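J.: Below, each chain spelled out in residue letters.
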Amino acid sequence: MKKVVRGFYSVAYAVKLCKPNIICAYPITPQTEIVENLALMYANGELENCKYITAESEFAAASILVGASAAGARTFTATCSQGLILMSEVLFNAAGMRLPIVIVNTNRALSAPLSIWNDLQDSMALRDAGIIQVYVENNQEAHDMVPQAYKIAEDKRVRLPFMICMDGYKLTHAYEPVDLLDQNVVDSFLPPYSPEVYLTTKKPVAFGCYAPPHIYMEFRVAMQRAMERAKEIMEKVFADWAEVSGRNWGGHLEVVYPDSKNFVIAMGSIVGLLRKVVEELRNEGISVGLVKLRTFRPFPVQELRKSLENAEKIIVIDRSVSFGYEGNLSIELKSALYGMSPEVISFILGLGGRDVPKDFLKELVKNAILGKEKSGFKGFKEFEEVIP
Amino acid sequence: MRFFGRGHGACPGCGLAIAVRNILEALEGKCFVVNPTGCLEIISSQYGRNAWGVPYIHPLFDNAAAVACGISEALKVLGREDEGEVVVLAGDGATADIGLTLHGMFDRNHDVIYICLDNEAYQNTGHQQSALTPLGEATTTTPAGKLMLGKIGRKKDMVAIALAHGSPYVATSSAVLPADIRRKVKKAAKIEGAKYIQIHCPCVTGWGIDGKDVVKVGNLAIETALYPIVEFENGKLLTVRKVKERKPVEEYLKIQRRFRHLFTSPEGRKVIEEIQKIADENALRYGIDLKK
Amino acid sequence: MKIRLNIGAISEPLQSEQFKTGDWGTEWSFVDREKCTACRVCEQFCPDGCIEVKEIEGKEVAVVDHNYCKGCGVCASVCRYGAIKMELKELFKVDVC
Ligand SMILES: Cc1ncc(C[n+]2csc(CCOP(=O)(O)OP(=O)(O)O)c2C)c(N)n1
Ligand code: SF4
Ligand code: SF4
Ligand code: SF4
Ligand SMILES: [Mg+2]
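Residue numbers (this note's numbering), protein chains in the order written: chain A, 8 to 395; chain B, 467 to 758; chain C, 21 to 117.
The hints are simulated quantities; they were obtained by calculation from the structure and are not laboratory data. Possibly wrong hints are sitting among the right ones.
[Said to hold, decoys possible] Here are the simulated BS3-like cross-link-like pairs (lysine-lysine), alpha carbons at most 27 Å apart as the crow flies: (1) B:Lys678 to C:Lys55; (2) A:Lys365 to A:Lys388; (3) C:Lys109 to B:Lys678; (4) A:Lys283 to A:Lys210; (5) B:Lys542 to A:Lys26.
[Claimed, not checked] Far from chain C, some chain A residues (derived; all Cβ distances over 12 Å): (6) Thr39; (7) Leu377; (8) Ile394.
Everything numeric in this text was worked out from a predicted model, so none of it was measured. Positions of the beta carbon are idealized from the N, C-alpha and C atoms, including for glycine.
Okay, chain A solo, but in the shape it has when bound (with noise of 0.2 Å):
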């Protein structure tokens, strides 16, 4: 059924056809309105089998489907910025006793100063915690990715945390036609959440118990191997996404004109106006590609080494960065090529929503082509710092 809707609207119909069993979250902007349309739905009854909790925070809606998720239910939560980082200490904590949460962050900037508007700073924070993480272009992908998303997270070889992240407001907000889903759809993708191991007094187990150092290192071990099963899972349930939805949105990457000299990598929203500056640049003559990366954790190596193997130049765009190094995907990009010996320029843009105007971007990537643009931030103004 194809309709004009907002992003928030297609999370929420996608995360009810997933028939989630506790939906815990607390409001923020511009998350809020994901949570608003589930409790709707909730009031109106239309969630079956499912409790609707508003949490007193962030940290306590995370902590609150941490029991949950060990007791055996399906969980759903949604937040950013510093919603996503009160969270932090619980999801650090969720990733290692294994619990298949499904979380949307709707990427947000972070304070200070304060900022509701976009960039990717938050999820990059929580990068190294054990969450899959998957960033999407549009709409349909963040409505498609639901599903996927719960079924990659609750296979037994991964168990682990999934975290959808859209951008905020730039998706969360805006119109678009969705085909969204059939129930029947859906119910033939994800089959009911049956855990082998939860709690229950039938056979009574521990969770989150504690491991010196001689046992320690073997169950971080057993997450990366988690990680690394759930790169072949992930390509896996994407194809057969594919057929039963009818739209492929590729595997860990994709990658428009490959036999490019040049290419230009990103994630998110911002794809969407990067495949128009490709096209208008190849018709002045440029070779240009496009690599949309999908799938950030787990980091798809090979995927990026096989694609920009005969790249001469490459093009990072990140909206996030590490200070005192640099942009986020850029550092993880250029440690993924180690050894190849492409020419790697970065732009940090889009900081707390700042304005990324198609032409801009456009002179952005053909000068940096044309060999007259550095890597660095790139829109802002030039500034006096004022020491007191």
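With the hints as your guide, set chains B and C with the ligands onto chain A.
T.: Only chains B and C with the ligands this time, still in chain A's reference frame:
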């Protein structure tokens, strides 16, 4: 059937362990235990040496109440409510200091029995003060020195906080009153909503007492009225453990290393008087003295 | 040799029982079967669950499991019938000169 296995790592004479065994037996093992970081977790939940015979989860130091809410709601949604009670077994630090999710649990009134095992400091990390550390106790973060004679300020009144939240059942007890613990836990299990029970748990290591004196010390806390044993249902005071001949607080204080400085420092007298005042107030507030 | 791991460090129940704590203390508790009335008070108090009332030679009495007894003395302090004594382990009975 055992619910708390032998071979756990508690210090000999640990009050927590006495309380926990009685709580689990009162519930006949039909419960889910949520246990934040602390002594109890460390003595019972090392991987491969798990002491629990009931389903158990140790999440973090600061979120046990919320995790319990999640289990409670999940059991309802999944139609598995009759499997048992959801019980939090949390330290005083996890309860009165860092465990803010307790307030959400009360506010939404989830069906949870929240039990604070009050050993009056952060024992697991080596005896630092908590909001439930009593006035004058020397801890490693409130040491007895020239300027300071141990903890400043009284125990946070968690009972009043639980009551202010409208908790349907609020009680205190002591590890040295196993029958009282069992009765109160059983009673709490019959009541729907977010219940709060605070149990005084002598700690041999932190308090500087001998295993042989655990019961004596625990009883003196009650007999001095420093630890009132009370019970509220729907906000109404139901029972109070009365004391025939209230003992002076010195008797309680002098046999514990944590209060020793009060007897050796010239300023200590004032603190002891202050502590006596707290006991007198408790006695008055709850009518602890048995009328002659 | 390979070890087997439960993912997420999930543990099986009551594994602690494999670990005997009977050698922790310097003392053990002993029950005088004549004095014991099988009132079970000590049972409720033992932090380690290692004193239990059992039937022995037709009489119910408290029995200490020295595999686990840490010698804390709590049981002895609560027995109203004076039926429990703490005794130094042989190992610690040394002459100090
Ligand atoms: C967020 C966080 N801060 C600090 C700690 C360190 N820590 C672990 S247990 C503990 C104190 C526990 O005290 P209490 O709750 O009273 O339990 P007890 O050990 O006394 O039974 C502290 C400070 C932690 N684990 N997590
Ligand atoms: S330190 Fe205290 S509370 Fe902790 S195990 Fe020892 S006696 Fe028990
Ligand atoms: S408390 Fe004393 S009398 Fe009662 S069972 Fe134990 S040993 Fe026997
Ligand atoms: S001495 Fe302590 S550990 Fe031993 S049986 Fe008595 S109470 Fe239990
Ligand atoms: Mg404590």
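J.: Determine for every hint whether it applies to the structure shown.
T.: A quick look at each hint next to the structure:
no.: 1; hint: B:Lys678 to C:Lys55; result: holds, 20 Å
no.: 2; hint: A:Lys365 to A:Lys388; result: holds, 18 Å
no.: 3; hint: C:Lys109 to B:Lys678; result: holds, 17 Å
no.: 4; hint: A:Lys283 to A:Lys210; result: violated, 57 Å
no.: 5; hint: B:Lys542 to A:Lys26; result: holds, 15 Å
no.: 6; hint: Thr39; result: holds, 32 Å
no.: 7; hint: Leu377; result: holds, 51 Å
no.: 8; hint: Ile394; result: holds, 49 Å
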